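> Sequence:
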Amino acid sequence: MRQCSWFFFCCGRFFSSGSSVTGRTVDFGSAPFKKYDAVVIGGGHNGLTAAAYLARSGLSVAVLERRHLVGGAAVTEEIVPGFRFSRCSYLQSLLRPSVIRELELVRHGMKLLRRSPSSFTPCLDGRSLLLGPDVDLNYSEIAKFSKKDSLAYPRYEEQLLKFCKFMDSLLDSHTPEVGRDPTSLMSQVKEKFNRSAFWSHLLHQALTLGQKDMLDFIDLLVSPAAKVLNNWFETEILKATLATDSVIGSMATVYTPGSGYVLLHHVMGETDGERGVWSYVEGGMGSVSLALSNAACEAGAHIVTNAEVAQVMVDENTGSATGVILADGKEVHSSVILSNATPYKTFMELVPSAFLPEEFLQAIKNCDYSSATTKINVAVDKLPQFCCCATDMDGPGPQHIGTIHIGSESMDEIDLAYRDAVNGIPSRRPLIEMTIPSVLDKTISPPGKHVINLFIQYTPFKLTEGSWEDPTIRESFAQRCFSLIDEYAPGFSSTIIDYDMLTPPDLDRIIGLTGGNIFHGSMNLDSLFLMRPVKGWSDYRTPLKGLYLCGSGAHPGGGVMGAPGRNAASVVLQDIKSLARTI
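The opening residue of the sequence shown carries number 1291 in this note's numbering; numbering runs sequentially from there.
A couple of the hints might just be wrong.
Simulated pairs of lysine to aspartate or glutamate, EDC-like, Cα-Cα distance not exceeding 20 Å [stated by the list, open to error]:
{"no.": "1", "residue 1": "Lys1732", "residue 2": "Glu1572"}
{"no.": "2", "residue 1": "Lys1324", "residue 2": "Glu1598"}
{"no.": "3", "residue 1": "Lys1739", "residue 2": "Asp1796"}
{"no.": "4", "residue 1": "Lys1401", "residue 2": "Glu1564"}
{"no.": "5", "residue 1": "Lys1325", "residue 2": "Asp1535"}
No lab work stands behind these hints, which were simulated from the structure alone. Treat the numbers as computed from the prediction; the structure is a model and nothing was measured.
Turn these sequences into a full structure, and let the hints guide you.
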């Protein structure tokens, strides 16, 4: 085992004690520069994943993180004393099983807390809908509204599961991008063989799926979520509950073509091998990043916080990346750079424009980075009591365990909230996903008190009137959200001790998410697979030789998945081996 950096030895102990990481920086020493086999820009979960795989392959690796703690959007921070918030991302399911297994994240401290039930939708008329992995529960709950829908729901989930299995191989491999550099005849033959093998495997899967299911899959990909759900169900509350999956994190409505694809996220992930089950992570989402950090450190990676990269260095003669310059002027040299920053940040701000094709820069600039998301983390002194549930309970009930859908009793309500934002107005009746991880995780709040995450849509980045920098506007919108929750759980507002609020500009400025987009760019069909981040550059390589993308702006996209980091590391190692053979 290699020696881990002093920072992360202390970091692991300090974090596990229940406080957030203070973030001491490892100094590079008195040398004017440091040289590594590979440098990773940004210590988000994908950057840490890539670093772990590269270090395990024997490369010397440095991860340079701008903030005082690693994790990017997957962080745990103690903003309110005694309350540890998953400040941005807040649920786990999409992290690829291969990453969990290969990097031994459970051994490195990641503990998943399975949620069952997984969803609760209260109604103002006193009714409610619980859903989860329990088939009998789903049947009885949906049957309260429609016997027909209760019978259709298992078939709906079965079809989505079938489509997710079809997608698995796409998520865990890099795209069959056409080669760009002139190479040896042998390399060209190998490249064509690999592309042919990929498409042959995909065709075989499609044939296995069958024509009817394949047509249904294509219909799901291109259709609005509303059309898909209307074809399956008649109950508005069921359709609205499921529809929230199709718009989460995006500036889109349930009537947007292509929004049906994101419905797959309902069952795409898994917890401990069980499909479609979402979980909390003990200690918050920062524990995922900590486990990845531990894996990278154990393999020998050098992780540095408070190390903002200001520019990628380029050799003018060869047009190749040679390292990075930090904001404090220090240089870190490497012929391999992986950027976990967004495509916009990477190419429009870090790389000198003279070394990138104009057409490529224009395509990156024109990517959709719009956001409609605000995250409010709330510390409360008691659990919310919903009108539609028994109120004589002292402790948590099944309604408190999963995601609680507020303000989404119909698909039209979701659409109305969206239309406000399109006009530059924060939704008058926002779409709120509430989670209460402290119900299952006793490490993140004082006894008897709770942490509540509010994932809110829709909030435009730029307001028609005023600015998110205005404290009055921020407070007004927060109170609007709290008042809406009061309609379903009277007295909720009075239980609030304090809260932390991240609007789209905050997500951009603090976390580094361009435009506040949690996926590093839109997850529309024109921004997926061979089109991510832009056409012709989907294989993690970039027009600048030696520079790779390893974040959510690369295939297969956003979410705490780890796949972009794992796949990018694989491509880097492949290129290093190819280069070694030519020397």
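> Look at each hint and say if it fits the structure.
Verification of the hints:
no.: 1; hint: Lys1732 with Glu1572; verdict: 8 Å, holds
no.: 2; hint: Lys1324 with Glu1598; verdict: 15 Å, holds
no.: 3; hint: Lys1739 with Asp1796; verdict: 27 Å, violated
no.: 4; hint: Lys1401 with Glu1564; verdict: 15 Å, holds
no.: 5; hint: Lys1325 with Asp1535; verdict: 44 Å, violated
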